[in-house]
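Position 62 of the sequence shown, counting from 1, maps to 1081 under this note's numbering, and the rest follow consecutively.
A portion of the hints provided could be inaccurate.
[Claimed, not checked] Once the Cα atoms are required to be at most 35 Å apart in a straight line, the calculated DSBU-like pairs of lysine-lysine come out as: (1) Lys-1207 x Lys-1220; (2) Lys-1220 x Lys-1151; (3) Lys-1197 x Lys-1232; (4) Lys-1220 x Lys-1186; (5) Lys-1217 x Lys-1234; (6) Lys-1081 x Lys-1234; (7) Lys-1151 x Lys-1084; (8) Lys-1217 x Lys-1186; (9) Lys-1151 x Lys-1081; (10) Lys-1197 x Lys-1234; (11) Lys-1207 x Lys-1186; (12) Lys-1210 x Lys-1220; (13) Lys-1240 x Lys-1210; (14) Lys-1234 x Lys-1151; (15) Lys-1186 x Lys-1232; (16) Lys-1220 x Lys-1197; (17) Lys-1186 x Lys-1210; (18) Lys-1084 x Lys-1232; (19) Lys-1217 x Lys-1207; (20) Lys-1210 x Lys-1081; (21) Lys-1197 x Lys-1217; (22) Lys-1151 x Lys-1186; (23) Lys-1186 x Lys-1197; (24) Lys-1234 x Lys-1210; (25) Lys-1240 x Lys-1197; (26) Lys-1207 x Lys-1240.
[As the list claims (entries may be wrong)] Beta-carbon label-pair distances, calculated as ranges: (27) Asp-1160 x Gly-1128: 18 to 26 Å; (28) Lys-1207 x Asn-1169: 22 to 30 Å; (29) Ser-1076 x Ala-1229: 19 to 27 Å; (30) Lys-1151 x Ile-1248: 14 to 22 Å; (31) Ile-1247 x Glu-1095: 35 to 43 Å; (32) Asp-1073 x Ala-1166: 16 to 24 Å; (33) Asn-1070 x Asp-1135: 37 to 45 Å; (34) Asp-1198 x Asp-1218: 20 to 28 Å; (35) Ser-1185 x Ser-1063: 30 to 38 Å; (36) Ile-1247 x Asp-1198: 35 to 43 Å.
By construction, these hints were calculated from the structure, which means they are not laboratory data.
Ideal placement from N, C-alpha and C gives every residue a C-beta, glycine not left out.
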Amino acid sequence: MEELPRELQESVYDISNASKSKVSTNYSKEGEASKAAVEVALPSPRELTLNVEDALSRITNKSGKYESILQQVAVEFVENLSILPLAICSDYLGKYPSFPGVYLIYYIGETYLYEDLVRPSQDKPIYVGKSKNDILNRLSDHRRNMARANDLEVTDFVVRIMTVDSKYYAPSIEAVLKDHYDPLWNNKTVKFSFGNAKDSKSNWYKYHVAEVKFKREEIIKRVEDFSIISKAEPALNLTTIPL
(Lines of atoms letter the chains of each structure in order from A and count residues from 1; the text may use other names and numbers.)
(Lines give C-alpha, C1' and ligand atoms only; values in the text may rest on other atoms or scores of the structure.)
Protein backbone atom coordinates (compact mmCIF):
# COMPACT_ATOMS: atom_id res chain seq x y z
CA MET A 1 0.00 0.00 0.00
CA GLU A 2 1.19 3.51 -0.74
CA GLU A 3 1.85 6.08 1.94
CA LEU A 4 -0.73 8.64 2.99
CA PRO A 5 -0.12 12.25 1.95
CA ARG A 6 1.84 14.26 4.53
CA GLU A 7 -1.09 16.46 5.54
CA LEU A 8 -3.14 13.40 6.41
CA GLN A 9 -0.31 11.73 8.28
CA GLU A 10 -0.68 14.42 10.93
CA SER A 11 -3.82 12.77 12.23
CA VAL A 12 -3.15 9.11 11.53
CA TYR A 13 -2.34 7.24 14.72
CA ASP A 14 0.58 5.08 15.70
CA ILE A 15 -1.39 2.63 17.83
CA SER A 16 1.62 0.55 18.81
CA ASN A 17 3.07 3.54 20.68
CA ALA A 18 -0.29 5.04 21.70
CA SER A 19 0.76 8.37 20.22
CA LYS A 20 -0.67 10.87 17.79
CA SER A 21 0.16 14.32 16.57
CA LYS A 22 -1.47 17.18 18.47
CA VAL A 23 -2.08 18.86 15.14
CA SER A 24 -5.48 17.88 13.80
CA THR A 25 -6.39 18.14 10.16
CA ASN A 26 -9.59 19.71 8.89
CA TYR A 27 -10.53 16.95 6.49
CA SER A 28 -13.39 18.99 5.02
CA LYS A 29 -10.77 21.19 3.31
CA GLU A 30 -8.71 18.37 1.83
CA GLY A 31 -8.45 18.45 -1.94
CA GLU A 32 -9.49 15.70 -4.29
CA ALA A 33 -5.86 14.67 -4.78
CA SER A 34 -5.48 14.00 -1.05
CA LYS A 35 -8.70 12.01 -0.94
CA ALA A 36 -7.50 9.92 -3.85
CA ALA A 37 -4.23 9.26 -2.03
CA VAL A 38 -6.17 8.10 1.04
CA GLU A 39 -8.11 5.63 -1.06
CA VAL A 40 -4.95 4.26 -2.66
CA ALA A 41 -3.40 3.70 0.78
CA LEU A 42 -6.37 1.77 2.13
CA PRO A 43 -6.41 -2.03 2.37
CA SER A 44 -8.13 -3.75 -0.52
CA PRO A 45 -11.69 -5.05 0.00
CA ARG A 46 -10.29 -8.58 -0.19
CA GLU A 47 -7.95 -7.89 2.74
CA LEU A 48 -10.90 -6.79 4.88
CA THR A 49 -13.22 -9.68 4.02
CA LEU A 50 -13.61 -12.73 6.23
CA ASN A 51 -14.74 -15.79 4.28
CA VAL A 52 -16.50 -17.29 7.27
CA GLU A 53 -17.19 -20.87 6.23
CA ASP A 54 -13.73 -21.28 4.74
CA ALA A 55 -12.13 -19.95 7.94
CA LEU A 56 -14.28 -22.21 10.13
CA SER A 57 -13.29 -25.27 8.11
CA ARG A 58 -9.59 -24.62 8.77
CA ILE A 59 -9.93 -24.67 12.58
CA THR A 60 -9.44 -28.18 13.95
CA ASN A 61 -8.99 -27.36 17.64
CA LYS A 62 -10.66 -24.50 19.50
CA SER A 63 -8.39 -22.46 21.76
CA GLY A 64 -9.43 -22.50 25.41
CA LYS A 65 -9.56 -18.70 25.59
CA TYR A 66 -12.52 -18.52 23.20
CA GLU A 67 -16.15 -19.46 23.75
CA SER A 68 -16.63 -20.84 20.24
CA ILE A 69 -14.79 -21.53 17.01
CA LEU A 70 -16.63 -18.61 15.39
CA GLN A 71 -15.36 -16.29 18.12
CA GLN A 72 -11.82 -17.58 17.62
CA VAL A 73 -12.01 -17.04 13.87
CA ALA A 74 -13.42 -13.53 14.27
CA VAL A 75 -10.94 -12.35 16.92
CA GLU A 76 -7.91 -13.77 15.13
CA PHE A 77 -9.02 -12.11 11.90
CA VAL A 78 -9.56 -8.78 13.69
CA GLU A 79 -6.06 -8.87 15.15
CA ASN A 80 -4.55 -8.68 11.68
CA LEU A 81 -6.67 -5.83 10.36
CA SER A 82 -5.30 -2.33 9.83
CA ILE A 83 -6.67 0.51 11.91
CA LEU A 84 -8.10 3.51 10.07
CA PRO A 85 -8.97 7.02 11.29
CA LEU A 86 -12.71 7.31 11.90
CA ALA A 87 -12.55 11.00 11.02
CA ILE A 88 -12.10 10.28 7.32
CA CYS A 89 -14.31 7.21 7.03
CA SER A 90 -16.56 9.05 4.59
CA ASP A 91 -13.62 9.16 2.17
CA TYR A 92 -13.50 5.36 2.09
CA LEU A 93 -16.80 5.31 0.21
CA GLY A 94 -14.96 5.99 -3.03
CA LYS A 95 -12.96 2.78 -2.71
CA TYR A 96 -15.40 0.28 -1.26
CA PRO A 97 -18.79 -0.82 -2.54
CA SER A 98 -21.62 -1.52 -0.11
CA PHE A 99 -20.55 -4.39 2.13
CA PRO A 100 -22.13 -6.13 5.12
CA GLY A 101 -19.82 -6.51 8.06
CA VAL A 102 -18.67 -5.65 11.55
CA TYR A 103 -16.60 -2.73 12.82
CA LEU A 104 -14.70 -2.01 16.03
CA ILE A 105 -14.23 1.57 17.26
CA TYR A 106 -11.33 2.44 19.58
CA TYR A 107 -10.80 5.56 21.69
CA ILE A 108 -7.12 6.53 21.66
CA GLY A 109 -7.19 10.17 22.78
CA GLU A 110 -4.65 11.76 25.09
CA THR A 111 -6.94 11.91 28.13
CA TYR A 112 -9.04 9.44 30.10
CA LEU A 113 -12.83 9.49 29.75
CA TYR A 114 -15.62 9.51 32.33
CA GLU A 115 -13.77 11.19 35.19
CA ASP A 116 -10.60 9.23 34.51
CA LEU A 117 -12.30 5.83 34.70
CA VAL A 118 -11.71 4.81 31.07
CA ARG A 119 -8.23 4.96 29.58
CA PRO A 120 -7.31 5.33 25.92
CA SER A 121 -7.36 1.78 24.63
CA GLN A 122 -4.75 0.10 22.50
CA ASP A 123 -6.31 -3.32 22.92
CA LYS A 124 -10.02 -3.02 23.64
CA PRO A 125 -12.69 -1.36 21.47
CA ILE A 126 -15.11 1.07 23.05
CA TYR A 127 -17.84 -0.04 20.64
CA VAL A 128 -18.57 -2.94 18.30
CA GLY A 129 -21.29 -2.68 15.68
CA LYS A 130 -22.53 -4.21 12.45
CA SER A 131 -24.30 -3.44 9.23
CA LYS A 132 -26.07 -6.02 7.07
CA ASN A 133 -25.93 -3.76 4.03
CA ASP A 134 -23.53 -0.81 4.11
CA ILE A 135 -20.91 -0.70 6.83
CA LEU A 136 -19.31 2.56 5.72
CA ASN A 137 -22.55 4.54 5.80
CA ARG A 138 -23.11 3.21 9.31
CA LEU A 139 -19.67 4.47 10.33
CA SER A 140 -20.39 7.84 8.77
CA ASP A 141 -23.51 8.07 10.96
CA HIS A 142 -21.40 7.34 14.04
CA ARG A 143 -18.87 9.98 13.04
CA ARG A 144 -21.60 12.60 12.71
CA ASN A 145 -23.01 11.67 16.12
CA MET A 146 -19.60 11.96 17.76
CA ALA A 147 -19.10 15.36 16.16
CA ARG A 148 -22.15 16.60 18.09
CA ALA A 149 -20.61 15.67 21.45
CA ASN A 150 -19.30 18.53 23.57
CA ASP A 151 -16.52 16.54 25.20
CA LEU A 152 -15.24 14.24 22.44
CA GLU A 153 -13.10 14.73 19.33
CA VAL A 154 -13.74 12.57 16.29
CA THR A 155 -10.01 12.55 15.61
CA ASP A 156 -9.52 10.63 18.87
CA PHE A 157 -11.25 7.56 17.44
CA VAL A 158 -10.04 4.90 15.03
CA VAL A 159 -11.80 1.92 13.52
CA ARG A 160 -11.22 -1.57 12.26
CA ILE A 161 -13.49 -2.76 9.46
CA MET A 162 -14.27 -6.43 8.88
CA THR A 163 -16.49 -7.23 5.92
CA VAL A 164 -18.05 -10.67 5.59
CA ASP A 165 -18.88 -12.77 2.57
CA SER A 166 -22.51 -13.17 3.67
CA LYS A 167 -24.73 -10.66 5.45
CA TYR A 168 -26.19 -13.48 7.54
CA TYR A 169 -22.94 -13.85 9.46
CA ALA A 170 -22.67 -10.18 10.48
CA PRO A 171 -25.03 -10.41 13.53
CA SER A 172 -23.34 -13.57 14.83
CA ILE A 173 -19.85 -12.15 14.48
CA GLU A 174 -20.92 -8.91 16.13
CA ALA A 175 -22.31 -10.94 19.05
CA VAL A 176 -19.17 -13.03 19.61
CA LEU A 177 -16.92 -9.96 19.41
CA LYS A 178 -19.07 -8.05 21.90
CA ASP A 179 -18.96 -11.05 24.22
CA HIS A 180 -15.17 -11.26 23.90
CA TYR A 181 -14.34 -7.58 24.37
CA ASP A 182 -17.33 -6.32 26.41
CA PRO A 183 -17.05 -2.78 24.96
CA LEU A 184 -18.18 0.06 27.23
CA TRP A 185 -20.64 1.64 24.79
CA ASN A 186 -22.26 -1.77 24.20
CA ASN A 187 -22.48 -2.79 27.84
CA LYS A 188 -26.06 -3.51 28.93
CA THR A 189 -25.42 -2.45 32.53
CA VAL A 190 -23.91 0.94 31.69
CA LYS A 191 -26.67 1.47 29.09
CA PHE A 192 -25.03 4.08 26.87
CA SER A 193 -27.08 3.01 23.82
CA PHE A 194 -24.51 4.43 21.42
CA GLY A 195 -26.23 2.68 18.54
CA ASN A 196 -29.07 5.19 19.04
CA ALA A 197 -26.79 8.12 19.82
CA LYS A 198 -28.77 10.63 17.77
CA ASP A 199 -31.89 9.91 19.83
CA SER A 200 -32.26 12.56 22.55
CA LYS A 201 -33.59 9.84 24.86
CA SER A 202 -30.42 7.74 24.72
CA ASN A 203 -28.00 7.92 27.63
CA TRP A 204 -25.10 8.58 25.25
CA TYR A 205 -26.89 11.68 23.93
CA LYS A 206 -27.80 12.86 27.43
CA TYR A 207 -24.21 12.48 28.61
CA HIS A 208 -22.17 13.78 25.67
CA VAL A 209 -24.54 16.15 23.85
CA ALA A 210 -27.19 17.44 26.26
CA GLU A 211 -24.87 17.06 29.28
CA VAL A 212 -27.75 16.37 31.69
CA LYS A 213 -26.16 16.70 35.13
CA PHE A 214 -28.09 14.04 37.05
CA LYS A 215 -27.80 11.60 34.15
CA ARG A 216 -24.04 12.15 33.92
CA GLU A 217 -23.67 11.39 37.63
CA GLU A 218 -25.75 8.24 37.24
CA ILE A 219 -23.73 7.04 34.26
CA ILE A 220 -20.40 7.76 35.96
CA LYS A 221 -21.45 5.45 38.78
CA ARG A 222 -22.30 2.73 36.24
CA VAL A 223 -18.98 3.22 34.46
CA GLU A 224 -17.21 2.96 37.80
CA ASP A 225 -18.91 -0.36 38.50
CA PHE A 226 -18.12 -1.52 34.96
CA SER A 227 -14.44 -0.63 35.41
CA ILE A 228 -14.23 -2.67 38.61
CA ILE A 229 -15.75 -5.86 37.23
CA SER A 230 -14.54 -5.63 33.64
CA LYS A 231 -12.11 -8.42 32.90
CA ALA A 232 -8.76 -7.59 31.38
CA GLU A 233 -8.37 -8.59 27.74
CA PRO A 234 -5.11 -9.66 26.07
CA ALA A 235 -3.37 -7.00 24.01
CA LEU A 236 -3.98 -7.06 20.28
CA ASN A 237 -1.44 -6.83 17.53
CA LEU A 238 -2.72 -3.50 16.22
CA THR A 239 -1.40 -2.19 12.92
CA THR A 240 -1.95 1.07 11.11
CA ILE A 241 -1.73 2.35 7.59
CA PRO A 242 2.04 2.65 6.97
CA LEU A 243 3.53 6.12 7.38
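Hints not upheld, ascending by number: 6, 15, 18, 29, 30, 31, 32, 35, 36
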